[in-house]
Amino acid sequence: MIKFKDGFYSDVRIETRFKTAIRYRNGVLEECKQTTVKKAFIRVFDGEMWYYSSTYKLDGLQGELDKLYANATPNPNIAEDATVKRFQANVAKIEKFKDCSLENVPLAEKQKLLTSNFEALNSSEYVKMTVALYSDRHSNYEFYSSKGADIKYDYQLCGARFAVAMANGEENFDDSFGKSADSFAKIATSAKEVADFVKESENFLLNAKSITPGTYPVILSPETTGVFAHESFGHKSEADFMIGNETMKKEWAVGTKVGSDILSIYDSGLEDGSGYVPFDDEGTKASKTYLIKNGVLTGRLQSAMTAAYLGEETTGNARAVDCDFEPIVRMTSTVIEAGKSTKEELFKKVKHGYFIKNYKHGSGMSTFTIAPNLAYEIKDGKIGDPVKIAVITGSVFETLNLIDGVSDKAEVISSAFGGCGKMEQHPLNVAFGGPYVSISKMTVQ
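Residues in the sequence shown are numbered from 697 upward in steps of one, following the numbering used here.
If a hint is listed, it holds; no wrong ones were tucked in.
Simulated crosslink set (DSS-like; lysine-lysine; CA at most 27 Å straight-line):
| # | residue 1 | residue 2 |
| --- | --- | --- |
| 1 | Lys981 | Lys735 |
| 2 | Lys715 | Lys875 |
| 3 | Lys781 | Lys848 |
| 4 | Lys729 | Lys715 |
| 5 | Lys875 | Lys1105 |
| 6 | Lys905 | Lys1044 |
| 7 | Lys1047 | Lys1036 |
Think of the hints as simulated: they come from the structure by calculation, not from any bench.
Using the sequences and the hints, build the whole thing.
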(Lines of atoms letter the chains of each structure in order from A and count residues from 1; the text may use other names and numbers.)
(Lines give C-alpha, C1' and ligand atoms only; values in the text may rest on other atoms or scores of the structure.)
Protein backbone atom coordinates (compact mmCIF):
# COMPACT_ATOMS: atom_id res chain seq x y z
CA MET A 1 0.00 0.00 0.00
CA ILE A 2 1.32 3.46 -0.97
CA LYS A 3 1.73 5.97 1.88
CA PHE A 4 1.50 9.60 0.83
CA LYS A 5 3.22 12.30 2.90
CA ASP A 6 1.55 15.47 4.18
CA GLY A 7 2.76 18.80 2.80
CA PHE A 8 2.86 17.65 -0.83
CA TYR A 9 0.59 16.71 -3.68
CA SER A 10 1.62 13.36 -5.14
CA ASP A 11 0.24 10.72 -7.47
CA VAL A 12 1.19 7.31 -8.83
CA ARG A 13 0.16 6.02 -12.25
CA ILE A 14 0.63 2.33 -13.10
CA GLU A 15 0.06 0.64 -16.46
CA THR A 16 0.25 -3.03 -17.45
CA ARG A 17 0.41 -3.05 -21.26
CA PHE A 18 0.01 -6.13 -23.47
CA LYS A 19 0.85 -5.72 -27.17
CA THR A 20 0.85 -7.77 -30.37
CA ALA A 21 2.63 -6.81 -33.61
CA ILE A 22 2.45 -8.84 -36.83
CA ARG A 23 3.83 -7.81 -40.23
CA TYR A 24 3.90 -9.61 -43.58
CA ARG A 25 5.64 -8.20 -46.64
CA ASN A 26 4.80 -9.84 -49.97
CA GLY A 27 3.29 -12.70 -48.02
CA VAL A 28 6.44 -13.35 -46.00
CA LEU A 29 6.24 -13.05 -42.21
CA GLU A 30 8.69 -10.37 -41.01
CA GLU A 31 7.48 -9.78 -37.44
CA CYS A 32 5.29 -11.66 -34.99
CA LYS A 33 5.68 -10.81 -31.32
CA GLN A 34 3.73 -10.31 -28.14
CA THR A 35 4.97 -8.40 -25.11
CA THR A 36 3.70 -7.42 -21.67
CA VAL A 37 5.26 -4.48 -19.80
CA LYS A 38 4.34 -3.11 -16.37
CA LYS A 39 5.61 0.30 -15.36
CA ALA A 40 4.84 3.22 -13.03
CA PHE A 41 5.18 7.00 -13.18
CA ILE A 42 5.38 8.91 -9.87
CA ARG A 43 4.98 12.66 -9.28
CA VAL A 44 5.46 14.93 -6.29
CA PHE A 45 4.57 18.65 -6.25
CA ASP A 46 5.49 21.09 -3.48
CA GLY A 47 3.81 24.17 -4.94
CA GLU A 48 7.00 25.38 -6.64
CA MET A 49 8.37 22.42 -8.58
CA TRP A 50 7.43 18.97 -9.88
CA TYR A 51 9.58 15.93 -9.14
CA TYR A 52 9.23 12.84 -11.34
CA SER A 53 10.28 9.21 -11.37
CA SER A 54 9.59 6.34 -13.78
CA THR A 55 10.25 2.74 -12.77
CA TYR A 56 9.75 -0.92 -13.69
CA LYS A 57 10.36 -1.92 -10.06
CA LEU A 58 6.80 -1.87 -8.78
CA ASP A 59 7.76 -3.50 -5.49
CA GLY A 60 9.86 -0.41 -4.79
CA LEU A 61 7.23 2.28 -5.43
CA GLN A 62 7.27 3.56 -1.86
CA GLY A 63 11.02 3.95 -1.95
CA GLU A 64 10.87 5.90 -5.23
CA LEU A 65 8.15 8.13 -3.82
CA ASP A 66 10.15 8.78 -0.64
CA LYS A 67 13.21 9.79 -2.72
CA LEU A 68 11.12 12.45 -4.43
CA TYR A 69 9.81 13.70 -1.08
CA ALA A 70 13.41 14.01 0.14
CA ASN A 71 14.21 16.38 -2.75
CA ALA A 72 11.07 18.50 -2.42
CA THR A 73 10.20 21.14 0.21
CA PRO A 74 7.19 20.51 2.48
CA ASN A 75 4.40 23.02 2.00
CA PRO A 76 1.74 23.20 4.75
CA ASN A 77 -0.53 25.16 2.39
CA ILE A 78 -0.23 22.81 -0.60
CA ALA A 79 -4.00 22.10 -0.55
CA GLU A 80 -4.65 25.77 -1.35
CA ASP A 81 -2.46 25.75 -4.45
CA ALA A 82 -4.54 26.63 -7.56
CA THR A 83 -3.30 23.59 -9.48
CA VAL A 84 -3.77 21.17 -6.59
CA LYS A 85 -7.31 22.44 -6.04
CA ARG A 86 -8.18 21.31 -9.55
CA PHE A 87 -7.05 17.71 -9.09
CA GLN A 88 -10.05 15.42 -8.67
CA ALA A 89 -10.29 12.62 -6.11
CA ASN A 90 -12.23 10.10 -8.18
CA VAL A 91 -12.77 6.54 -6.97
CA ALA A 92 -13.79 4.13 -9.73
CA LYS A 93 -13.28 0.69 -11.23
CA ILE A 94 -14.19 0.19 -14.90
CA GLU A 95 -13.54 -3.18 -16.55
CA LYS A 96 -14.97 -2.51 -19.98
CA PHE A 97 -12.90 -5.11 -21.83
CA LYS A 98 -12.62 -7.85 -19.22
CA ASP A 99 -14.77 -10.31 -21.20
CA CYS A 100 -13.29 -9.54 -24.63
CA SER A 101 -9.62 -9.00 -23.83
CA LEU A 102 -7.28 -9.15 -26.81
CA GLU A 103 -4.90 -11.19 -24.66
CA ASN A 104 -7.36 -14.08 -24.98
CA VAL A 105 -7.49 -14.07 -28.80
CA PRO A 106 -5.14 -16.82 -30.10
CA LEU A 107 -2.13 -15.54 -32.01
CA ALA A 108 -3.06 -17.86 -34.90
CA GLU A 109 -6.41 -16.07 -35.26
CA LYS A 110 -4.67 -12.72 -35.50
CA GLN A 111 -2.38 -14.06 -38.23
CA LYS A 112 -5.30 -15.62 -40.10
CA LEU A 113 -7.05 -12.25 -40.27
CA LEU A 114 -4.17 -11.15 -42.49
CA THR A 115 -3.25 -14.30 -44.40
CA SER A 116 -6.83 -15.06 -45.46
CA ASN A 117 -6.77 -11.87 -47.56
CA PHE A 118 -3.46 -12.36 -49.37
CA GLU A 119 -5.10 -13.55 -52.60
CA ALA A 120 -7.40 -10.53 -52.73
CA LEU A 121 -4.49 -8.23 -51.92
CA ASN A 122 -2.69 -9.48 -55.03
CA SER A 123 -5.75 -9.37 -57.31
CA SER A 124 -4.28 -6.75 -59.66
CA GLU A 125 -1.45 -7.32 -62.14
CA TYR A 126 -0.10 -3.87 -61.20
CA VAL A 127 0.61 -4.75 -57.58
CA LYS A 128 4.38 -4.76 -57.02
CA MET A 129 4.49 -4.99 -53.24
CA THR A 130 2.06 -5.79 -50.44
CA VAL A 131 2.19 -5.23 -46.68
CA ALA A 132 -0.26 -6.68 -44.17
CA LEU A 133 -0.17 -5.45 -40.58
CA TYR A 134 -1.89 -6.40 -37.35
CA SER A 135 -1.49 -4.46 -34.11
CA ASP A 136 -3.22 -4.64 -30.76
CA ARG A 137 -2.92 -3.41 -27.21
CA HIS A 138 -4.69 -4.11 -23.94
CA SER A 139 -3.84 -1.90 -20.94
CA ASN A 140 -4.86 -2.01 -17.29
CA TYR A 141 -4.42 1.32 -15.53
CA GLU A 142 -4.24 2.21 -11.85
CA PHE A 143 -4.09 5.74 -10.45
CA TYR A 144 -3.66 6.81 -6.82
CA SER A 145 -3.18 10.27 -5.37
CA SER A 146 -2.62 12.04 -2.07
CA LYS A 147 -6.08 13.61 -2.48
CA GLY A 148 -7.68 10.16 -2.29
CA ALA A 149 -8.01 9.18 -5.96
CA ASP A 150 -8.26 5.41 -6.44
CA ILE A 151 -8.98 4.54 -10.07
CA LYS A 152 -8.72 1.33 -12.06
CA TYR A 153 -9.78 1.01 -15.69
CA ASP A 154 -8.86 -0.85 -18.84
CA TYR A 155 -8.29 0.14 -22.47
CA GLN A 156 -7.83 -1.79 -25.65
CA LEU A 157 -7.48 -1.28 -29.37
CA CYS A 158 -6.70 -3.50 -32.35
CA GLY A 159 -6.39 -3.09 -36.07
CA ALA A 160 -5.58 -4.76 -39.37
CA ARG A 161 -4.17 -2.85 -42.33
CA PHE A 162 -3.46 -3.88 -45.92
CA ALA A 163 -1.21 -1.79 -48.17
CA VAL A 164 -0.28 -2.02 -51.85
CA ALA A 165 2.38 -0.39 -53.97
CA MET A 166 1.39 -0.34 -57.65
CA ALA A 167 3.24 0.63 -60.80
CA ASN A 168 2.36 1.04 -64.47
CA GLY A 169 5.41 2.17 -66.40
CA GLU A 170 6.49 5.46 -64.85
CA GLU A 171 3.26 5.85 -62.89
CA ASN A 172 3.19 4.74 -59.23
CA PHE A 173 0.48 4.67 -56.61
CA ASP A 174 0.43 3.53 -52.98
CA ASP A 175 -2.55 3.22 -50.69
CA SER A 176 -3.78 1.27 -47.67
CA PHE A 177 -7.05 0.02 -46.28
CA GLY A 178 -7.93 -1.30 -42.86
CA LYS A 179 -10.08 -1.29 -39.77
CA SER A 180 -9.37 -0.42 -36.15
CA ALA A 181 -11.68 -0.92 -33.18
CA ASP A 182 -11.80 -1.84 -29.50
CA SER A 183 -12.53 -5.54 -30.05
CA PHE A 184 -11.25 -8.24 -32.39
CA ALA A 185 -14.73 -9.05 -33.70
CA LYS A 186 -15.18 -5.50 -35.01
CA ILE A 187 -12.19 -5.63 -37.38
CA ALA A 188 -13.25 -8.72 -39.34
CA THR A 189 -12.31 -8.05 -42.97
CA SER A 190 -13.65 -9.90 -46.00
CA ALA A 191 -11.74 -10.76 -49.17
CA LYS A 192 -14.28 -8.70 -51.12
CA GLU A 193 -13.49 -5.58 -49.12
CA VAL A 194 -9.78 -6.02 -49.80
CA ALA A 195 -10.37 -6.78 -53.50
CA ASP A 196 -12.56 -3.66 -53.84
CA PHE A 197 -9.79 -1.59 -52.25
CA VAL A 198 -7.25 -3.01 -54.74
CA LYS A 199 -9.63 -2.36 -57.65
CA GLU A 200 -10.07 1.29 -56.65
CA SER A 201 -6.30 1.70 -56.31
CA GLU A 202 -5.80 0.21 -59.78
CA ASN A 203 -8.37 2.60 -61.23
CA PHE A 204 -6.54 5.52 -59.66
CA LEU A 205 -3.17 4.32 -61.01
CA LEU A 206 -4.49 3.94 -64.54
CA ASN A 207 -6.95 6.81 -64.82
CA ALA A 208 -6.08 9.65 -62.41
CA LYS A 209 -5.58 12.90 -64.27
CA SER A 210 -3.77 16.09 -63.38
CA ILE A 211 -5.69 19.18 -62.31
CA THR A 212 -5.33 22.87 -62.98
CA PRO A 213 -4.23 24.45 -59.68
CA GLY A 214 -6.63 27.02 -58.32
CA THR A 215 -9.42 27.77 -55.89
CA TYR A 216 -12.32 25.33 -55.90
CA PRO A 217 -15.19 24.05 -53.78
CA VAL A 218 -14.07 20.99 -51.83
CA ILE A 219 -15.92 18.22 -49.99
CA LEU A 220 -14.06 16.32 -47.29
CA SER A 221 -14.87 12.72 -46.33
CA PRO A 222 -15.39 11.93 -42.62
CA GLU A 223 -11.78 10.68 -42.45
CA THR A 224 -10.37 13.84 -44.02
CA THR A 225 -12.76 16.00 -42.00
CA GLY A 226 -11.26 14.40 -38.91
CA VAL A 227 -7.65 15.10 -39.76
CA PHE A 228 -8.64 18.67 -40.70
CA ALA A 229 -10.27 19.16 -37.29
CA HIS A 230 -7.31 17.56 -35.50
CA GLU A 231 -4.55 19.44 -37.31
CA SER A 232 -6.15 22.79 -38.05
CA PHE A 233 -8.00 23.36 -34.80
CA GLY A 234 -7.45 20.62 -32.24
CA HIS A 235 -3.81 21.46 -31.57
CA LYS A 236 -4.60 25.16 -31.25
CA SER A 237 -7.14 24.22 -28.58
CA GLU A 238 -4.50 22.62 -26.34
CA ALA A 239 -4.20 25.23 -23.63
CA ASP A 240 -0.48 24.80 -22.95
CA PHE A 241 0.18 26.65 -26.22
CA MET A 242 -1.25 29.76 -24.52
CA ILE A 243 0.99 29.78 -21.48
CA GLY A 244 3.25 32.81 -21.81
CA ASN A 245 1.73 33.72 -25.18
CA GLU A 246 -0.49 36.76 -24.73
CA THR A 247 -1.09 37.10 -28.48
CA MET A 248 -2.56 33.61 -28.71
CA LYS A 249 -4.63 34.13 -25.55
CA LYS A 250 -6.18 37.22 -27.12
CA GLU A 251 -6.61 35.62 -30.55
CA TRP A 252 -8.30 32.54 -29.05
CA ALA A 253 -10.43 34.22 -26.38
CA VAL A 254 -13.56 32.24 -25.45
CA GLY A 255 -16.58 33.87 -27.08
CA THR A 256 -14.72 34.82 -30.27
CA LYS A 257 -16.50 34.05 -33.56
CA VAL A 258 -14.09 31.75 -35.40
CA GLY A 259 -16.18 29.79 -37.90
CA SER A 260 -19.37 29.24 -39.82
CA ASP A 261 -22.64 29.16 -37.85
CA ILE A 262 -23.12 25.49 -38.83
CA LEU A 263 -19.74 24.42 -37.40
CA SER A 264 -19.38 22.72 -34.01
CA ILE A 265 -16.27 20.80 -32.89
CA TYR A 266 -15.90 18.81 -29.69
CA ASP A 267 -13.27 16.67 -28.00
CA SER A 268 -14.30 13.76 -25.79
CA GLY A 269 -12.60 10.84 -24.07
CA LEU A 270 -15.99 9.12 -23.80
CA GLU A 271 -16.16 8.01 -27.44
CA ASP A 272 -15.46 4.32 -28.08
CA GLY A 273 -12.28 3.58 -30.01
CA SER A 274 -8.72 4.80 -30.00
CA GLY A 275 -9.54 8.08 -28.22
CA TYR A 276 -11.37 6.44 -25.30
CA VAL A 277 -9.98 7.82 -22.03
CA PRO A 278 -12.45 7.57 -19.10
CA PHE A 279 -9.89 9.26 -16.81
CA ASP A 280 -6.86 11.21 -17.91
CA ASP A 281 -3.37 10.66 -16.48
CA GLU A 282 -4.03 13.13 -13.66
CA GLY A 283 -7.15 11.24 -12.58
CA THR A 284 -9.59 13.76 -14.08
CA LYS A 285 -12.85 12.29 -15.32
CA ALA A 286 -13.43 12.48 -19.08
CA SER A 287 -15.84 15.07 -20.39
CA LYS A 288 -17.25 16.24 -23.70
CA THR A 289 -15.69 19.63 -24.33
CA TYR A 290 -17.07 21.81 -27.10
CA LEU A 291 -14.21 23.73 -28.67
CA ILE A 292 -16.49 25.49 -31.15
CA LYS A 293 -20.28 25.68 -30.85
CA ASN A 294 -22.20 27.19 -33.77
CA GLY A 295 -19.07 28.95 -34.97
CA VAL A 296 -18.13 30.47 -31.60
CA LEU A 297 -15.06 29.48 -29.58
CA THR A 298 -16.48 27.93 -26.42
CA GLY A 299 -13.67 25.99 -24.77
CA ARG A 300 -10.18 24.52 -24.86
CA LEU A 301 -8.38 21.44 -23.63
CA GLN A 302 -6.84 21.61 -20.16
CA SER A 303 -4.62 19.95 -17.63
CA ALA A 304 -4.78 21.00 -13.98
CA MET A 305 -1.79 23.29 -14.46
CA THR A 306 -3.11 25.06 -17.58
CA ALA A 307 -6.59 25.38 -16.05
CA ALA A 308 -5.07 27.05 -13.00
CA TYR A 309 -3.00 29.38 -15.17
CA LEU A 310 -6.01 30.45 -17.24
CA GLY A 311 -8.49 30.46 -14.35
CA GLU A 312 -10.58 27.74 -15.99
CA GLU A 313 -11.60 24.14 -15.24
CA THR A 314 -9.98 20.83 -16.14
CA THR A 315 -11.35 18.86 -19.11
CA GLY A 316 -9.72 15.41 -18.80
CA ASN A 317 -7.01 16.05 -21.39
CA ALA A 318 -3.76 15.60 -19.43
CA ARG A 319 -2.25 12.56 -21.13
CA ALA A 320 1.08 10.78 -21.44
CA VAL A 321 2.06 8.34 -24.18
CA ASP A 322 3.16 5.85 -21.49
CA CYS A 323 4.74 5.69 -18.03
CA ASP A 324 8.04 7.07 -19.29
CA PHE A 325 6.52 10.54 -19.56
CA GLU A 326 4.67 13.19 -17.59
CA PRO A 327 1.12 14.14 -18.66
CA ILE A 328 0.74 17.09 -21.02
CA VAL A 329 -2.33 18.55 -22.72
CA ARG A 330 -3.44 16.24 -25.54
CA MET A 331 -6.55 15.52 -27.59
CA THR A 332 -8.69 12.38 -27.19
CA SER A 333 -11.42 12.07 -29.88
CA THR A 334 -11.75 15.33 -31.81
CA VAL A 335 -14.89 15.44 -33.91
CA ILE A 336 -16.80 17.88 -36.10
CA GLU A 337 -20.43 17.45 -35.09
CA ALA A 338 -23.03 16.29 -37.62
CA GLY A 339 -25.23 18.89 -39.26
CA LYS A 340 -28.58 18.84 -41.07
CA SER A 341 -27.76 18.29 -44.76
CA THR A 342 -27.63 14.92 -46.46
CA LYS A 343 -24.42 13.82 -48.12
CA GLU A 344 -26.22 13.94 -51.48
CA GLU A 345 -27.29 17.55 -50.93
CA LEU A 346 -23.67 18.60 -50.35
CA PHE A 347 -22.49 17.07 -53.63
CA LYS A 348 -25.51 18.25 -55.62
CA LYS A 349 -24.68 21.95 -55.17
CA VAL A 350 -21.10 21.63 -56.49
CA LYS A 351 -20.86 22.41 -60.20
CA HIS A 352 -17.10 21.85 -60.37
CA GLY A 353 -14.89 20.96 -57.45
CA TYR A 354 -13.09 18.09 -55.71
CA PHE A 355 -13.87 15.32 -53.24
CA ILE A 356 -11.03 14.34 -50.87
CA LYS A 357 -11.62 10.70 -49.87
CA ASN A 358 -8.47 10.02 -47.82
CA TYR A 359 -5.09 11.54 -47.12
CA LYS A 360 -1.36 10.83 -46.85
CA HIS A 361 -0.64 13.33 -44.09
CA GLY A 362 -1.76 16.64 -42.66
CA SER A 363 -0.29 19.47 -40.61
CA GLY A 364 -0.98 23.01 -39.59
CA MET A 365 -1.70 25.61 -36.97
CA SER A 366 -2.54 29.05 -38.42
CA THR A 367 -2.22 27.63 -41.94
CA PHE A 368 -3.10 23.99 -42.58
CA THR A 369 -2.01 21.61 -45.32
CA ILE A 370 -3.51 18.22 -46.20
CA ALA A 371 -1.91 15.96 -48.81
CA PRO A 372 -4.71 13.85 -50.34
CA ASN A 373 -4.19 10.29 -51.53
CA LEU A 374 -7.51 9.34 -53.15
CA ALA A 375 -9.29 12.36 -54.61
CA TYR A 376 -12.03 12.73 -57.23
CA GLU A 377 -13.41 15.46 -59.44
CA ILE A 378 -16.95 16.61 -58.71
CA LYS A 379 -18.79 17.65 -61.86
CA ASP A 380 -22.40 18.83 -61.94
CA GLY A 381 -23.01 17.40 -58.48
CA LYS A 382 -21.63 13.94 -59.19
CA ILE A 383 -18.36 12.20 -58.33
CA GLY A 384 -16.28 11.83 -61.48
CA ASP A 385 -12.77 10.79 -62.45
CA PRO A 386 -9.88 10.27 -60.01
CA VAL A 387 -7.47 13.20 -59.89
CA LYS A 388 -3.92 13.87 -58.73
CA ILE A 389 -3.81 16.56 -56.04
CA ALA A 390 -0.58 17.36 -54.22
CA VAL A 391 -2.08 19.47 -51.41
CA ILE A 392 -5.13 21.37 -50.29
CA THR A 393 -4.29 24.31 -48.07
CA GLY A 394 -5.64 27.46 -46.50
CA SER A 395 -5.81 29.78 -43.52
CA VAL A 396 -7.49 28.07 -40.57
CA PHE A 397 -9.67 31.07 -39.70
CA GLU A 398 -10.72 31.69 -43.30
CA THR A 399 -11.50 28.04 -43.97
CA LEU A 400 -13.56 27.58 -40.80
CA ASN A 401 -15.73 30.46 -41.99
CA LEU A 402 -16.04 29.03 -45.51
CA ILE A 403 -17.71 25.79 -44.37
CA ASP A 404 -21.11 25.89 -46.10
CA GLY A 405 -22.43 22.38 -45.58
CA VAL A 406 -22.23 19.63 -42.95
CA SER A 407 -23.86 16.23 -43.48
CA ASP A 408 -26.22 14.66 -40.97
CA LYS A 409 -24.11 11.61 -40.02
CA ALA A 410 -20.71 11.72 -38.33
CA GLU A 411 -18.12 8.95 -38.07
CA VAL A 412 -15.39 8.66 -35.44
CA ILE A 413 -12.24 7.19 -37.01
CA SER A 414 -9.95 5.03 -34.87
CA SER A 415 -6.45 3.83 -35.73
CA ALA A 416 -4.29 1.19 -34.12
CA PHE A 417 -1.32 2.35 -36.20
CA GLY A 418 0.69 5.49 -35.51
CA GLY A 419 -0.86 8.28 -33.51
CA CYS A 420 -0.49 11.92 -32.54
CA GLY A 421 2.89 13.46 -31.79
CA LYS A 422 3.68 16.39 -29.51
CA MET A 423 7.03 17.36 -28.07
CA GLU A 424 8.89 14.07 -27.56
CA GLN A 425 5.72 12.05 -26.93
CA HIS A 426 4.71 9.92 -29.94
CA PRO A 427 2.60 8.01 -30.86
CA LEU A 428 -0.38 8.75 -28.63
CA ASN A 429 -3.65 6.96 -29.44
CA VAL A 430 -6.27 9.49 -30.50
CA ALA A 431 -9.34 9.43 -32.72
CA PHE A 432 -10.94 12.01 -34.96
CA GLY A 433 -13.76 12.31 -37.42
CA GLY A 434 -16.96 14.01 -38.39
CA PRO A 435 -19.46 14.12 -41.24
CA TYR A 436 -18.96 15.04 -44.88
CA VAL A 437 -18.04 18.73 -44.88
CA SER A 438 -18.41 21.15 -47.79
CA ILE A 439 -16.06 24.13 -48.04
CA SER A 440 -16.99 26.79 -50.60
CA LYS A 441 -13.43 27.46 -51.70
CA MET A 442 -9.99 26.11 -50.95
CA THR A 443 -6.59 26.33 -52.59
CA VAL A 444 -6.04 23.08 -54.52
CA GLN A 445 -2.64 22.31 -56.06
